[in-house]
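Asks: Spelled out from the first residue to the last, the chains are:
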Amino acid sequence: QKEVEQDPGPLSVPEGAIVSLNCTYSNSAFQYFMWYRQYSRKGPELLMYTYSSGNKEDGRFTAQVDKSSKYISLFIRDSQPSDSATYLCAMSAIQGAQKLVFGQGTRLTINP
Amino acid sequence: DVKVTQSSRYLVKRTGEKVFLECVQDMDHENMFWYRQDPGLGLRLIYFSYDVKMKEKGDIPEGYSVSREKKERFSLILESASTNQTSMYLCASRPGTNKNIQYFGAGTRLSVL
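From first to last, the protein sequence lines stand for chains A and B.
So that you can map any letter, position 61 of the first sequence is 246 in this note's numbering, and since no number is skipped, the others follow by simple counting.
So that you can map any letter, position 19 of the second sequence is 730 in this note's numbering, and since no number is skipped, the others follow by simple counting.
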């Protein structure tokens, strides 16, 4: 069993829809959670960074962590074609961890 | 802005060739990483370095080596390229302070024929 599981998609939704991207994990020690966005033929860029359980909002993006269920989500409101990308979750147990554990990535397409 | 630059965007090499992938970062970060990214497998860590001349194996180091002679530069070496090393290679860097965030380059798509 992989430490982090992420539905690879592809996921295709109409413009303006609410998108939910999810990762589950098995290591209960994880407490730092990240979402990266990767456009085609580009490297990943950090989108959201959260610690422990709870929600964090940044514009149209909300990151949610449920440590009791070992489940994290990224919600995108009012999705735009420019949100079309692959989204990767990543996590670690400690600050300054040498290794991050990544999900496989979900490819998202927003159709105009 | 942090900038991580990978010297080549696309490379085509032949089986058995020695291949060098170069990565340079301009933010004085202590830590640098090499990943490969394959469909359905996500990012897998090949090697990382936490200081000049220091290196640690990641999850899939077989067939690869690395070199870090200067703080800003981290090289990935394929001693004898094989077709199963055809992949997207991503370099990343991270400050030495207590942070988890890694900053990525644009990637090098390597094809080994």
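Calculated directly from the structure, the hints in this document are not laboratory data.
All values reported here derive from a predicted model rather than from experimental measurement.
Built from N, CA and C at the ideal position, the CB exists for glycine as well.
Keep in mind that a hint or two might mislead.
[Unchecked claim] Quick look at which bits of chain A chain B covers, simulated, 3 or more residues with Cβ under 8 Å: (1) 209–217; (2) 238–249; (3) 277–284.
[Unchecked claim] In the DMTMM-like style, the derived pairs of lysine to aspartate or glutamate whose C-alpha atoms are separated by at most 20 Å in a straight line are: (4) K227(A) - E733(B); (5) K782(B) - E767(B); (6) K227(A) - D749(B); (7) K187(A) - D770(B); (8) K781(B) - D737(B); (9) K810(B) - E230(A); (10) K255(A) - D192(A).
[Stated by the list, open to error] Take a look, some chain B residues computed to stay more than 12 Å from chain A by CB distance: (11) Q717; (12) R720; (13) V723; (14) T726; (15) K729; (16) N742; (17) R755; (18) G774; (19) S776; (20) E780; (21) E783; (22) R784; (23) Q796; (24) T797; (25) R805.
Asks: Determine for every hint whether it applies to the structure shown.
Replies: Comparing the hints with the structure gives:
Judged by the Cβ-Cβ criterion of 8 Å, the stretch 209–217 of chain A is not covered by chain B as claimed, because only 1 of its residues qualify and three are needed. As drawn, the stretch 238–249 of chain A meets chain B at 0 residues by the rule of a beta-carbon pair under 8 Å; below three, the given contact is violated. Coverage of a stretch by a chain is defined here by at least three residues with a beta carbon nearer than 8 Å to that chain's beta carbons; for the stretch 277–284 of chain A and chain B the count is 6, and the condition holds. Between K227(A) and E733(B) the alpha-carbon distance is near 16 Å, which keeps this suggested pair within the 20 Å criterion.
Taken as a hint, the K782(B) and E767(B) pair is honoured in the structure, with Cα atoms around 15 Å apart against an allowance of 20 Å. As the CA atoms of K227(A) and D749(B) are separated by approximately 14 Å, the hinted pair is consistent with the 20 Å bound. For the proposed pair K187(A) and D770(B), the alpha carbon gap of about 13 Å is at most 20 Å, so the pair holds. For the hint pairing K781(B) with D737(B), the CA-to-CA distance comes to about 12 Å; that is within 20 Å, so the pair holds.
For the proposed pair K810(B) and E230(A), the alpha carbon gap of about 15 Å is at most 20 Å, so the pair holds. Among the hinted pairs, K255(A) with D192(A) is consistent with the structure: their alpha-carbon atoms are about 15 Å apart, no more than 20 Å. Distance check on Q717(B): its Cβ comes as close as 8 Å (rounded) to a Cβ of chain A, failing to clear the 12 Å threshold; non-interface status is violated. Separation of R720(B) from chain A is inadequate, the least Cβ-Cβ distance of about 8 Å not exceeding the 12 Å criterion.
The beta carbon of V723(B) is kept farther than 12 Å from every beta carbon of chain A, the shortest such distance being approximately 16 Å. Distance to chain A confirms T726(B) as a non-interface residue, since its nearest Cβ pair spans about 25 Å, more than 12 Å. With a closest Cβ-Cβ approach of about 25 Å to chain A, K729(B) is found to remain outside the 12 Å limit, as its non-interface label requires. Not every CB of chain A is more than 12 Å from the CB of N742(B) (nearest about 7 Å), against its label as outside the interface.
Interface exclusion of R755(B) from chain A breaks down, the closest Cβ pair being 8 Å apart, not more than 12 Å. A cut-off of 12 Å between C-beta atoms confirms that G774(B) is not in contact with chain A; the least separation is 20 Å. Consistency note on S776(B): stated as away from chain A, and its beta-carbon is indeed over 12 Å from all of that chain's, at 19 Å minimum. Distance check on E780(B): its Cβ is at least 20 Å (rounded) from any Cβ of chain A, clearing the 12 Å threshold; non-interface status holds.
Against chain A, the non-interface label of E783(B) holds: every CB pair exceeds 12 Å, the least being about 17 Å. No beta-carbon of chain A is positioned within 12 Å of the beta-carbon of R784(B); the least distance is around 17 Å. Against the 12 Å criterion, Q796(B) stays outside the reach of chain A, whose nearest CB is about 19 Å from its own CB. No beta-carbon of chain A is positioned within 12 Å of the beta-carbon of T797(B); the least distance is around 16 Å.
Some Cβ of chain A comes within 12 Å of the Cβ of R805(B); the nearest lies about 8 Å off, and the non-interface call is violated.
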